[in-house]
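Each protein sequence line maps, in turn, to chains V and W.
Position 235 of the first sequence, counted from 1, bears residue number 235 in our numbering, the numbering being contiguous throughout.
Position 21 of the second sequence, counted from 1, bears residue number 21 in our numbering, the numbering being contiguous throughout.
Treat the hints with caution; some may be incorrect.
Pairs of lysine to any residue, SDA-like flavour, derived with a Cα cap of 20 Å [stated by the list, open to error]:
hint	chain 1	residue 1	chain 2	residue 2
1	V	K249	W	I6
2	V	K134	W	P51
3	V	K169	W	E57
4	V	K249	W	R21
5	V	K75	V	E48
6	V	K256	W	Q23
FYI, nobody ran anything at the bench for these hints, they're computed from the structure.
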Amino acid sequence: MLRIIFSIVFCVSTFAQTNPLKSDLNRKLFADYLYCEQDYLRTAEEYESLSQTFVSDTVLYKIGKSYSIIGDYSKAINSFNLIPDSSEMFFNSRLELAKIFYLSNEKNLLRNLLTSDNFSSPQLKKILIAFYLKINQPDSISNDLFQLSDEDEFTFKNFFERRKNPPYKSEVVAGILSTVVPGAGKIYTEDYGDGITAFILTGLFSYLAYDNFKHAHNFRAYLFSGLAAGFYLGNIYGSVASAQIFNAKIDFNFLKELSDYLSNKNYFINEIEFCK
Amino acid sequence: MFQGTIMFFDRFTRDSNPVNREQHYPIYKNYRYYDPPALYTLNRERVHYIPPYTVVE
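The task is simple: from the sequences and hints, build the whole structure.
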């Protein structure tokens, strides 16, 4: 009798400590829900807490995708690399890896991804072309890589031309122009207001210096001469700096356009719809 | 010292320009223009372009 009572007490206390809400099945359902709610950090944590029998390729892909979205690339790479090449998720996982390598500037890993396992899809080629354009190595893009045969080929060739021959302004030309005519270098670099201001200030102080020398006001004449010389040299210096900033702006706009293009194309990844 | 002096004159010239300044510079939260001297050291590595109208922290 005592044994039976102990057994009942033991079973009841053990059962009471088992929370059915935290079963693997429920955790997976909860993680699926979190994924669709775009709560990616908790999604990854819930999926990772599942026992091994519940970890499918889809779960691995979703873990990788979640970490990729929140920017934890090392965990995302680990997860995507666990997906076997026989899986339906394999192709997308390679593209996700390519996206991560592109964003984290991993040139060698991206190139290895393209060449490994004889696996070279047009999507991966496009990411590699975009990467060479991003790091300003357009000469590394071979003609073979450009054989895309779709509408993206034209766009990438356009990007390539712009990277190869960017519409930079020469710092030397800007400096020389400002030496000849104050402010001309800044007008050349499309800083029109600054160019006209430099011309007016240099001209004004030069005139004041000239006029004071003419009337033998030597102190004021030297003072205005000094100021005119300062504005003159400052305008040459500023024109060179302005050309550098103009060129940095060209690079910035190029990278932004490239980045926007890839984002609009979703890095050539066909998203799998998990949340219907 | 010499570079600093001509940087001052260049800065003064740009500050004297009354037109289209908002189209050139990013801004601080307090609506003042952000134009750090690092952009004007003639060192390309230090030129980090920030587009106009961007609010800088």
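Structure-based check of all given hints:
no.	hint	verdict
1	V:K249 <-> W:I6	violated (23 Å)
2	V:K134 <-> W:P51	holds (19 Å)
3	V:K169 <-> W:E57	violated (30 Å)
4	V:K249 <-> W:R21	holds (16 Å)
5	V:K75 <-> V:E48	holds (11 Å)
6	V:K256 <-> W:Q23	holds (18 Å)
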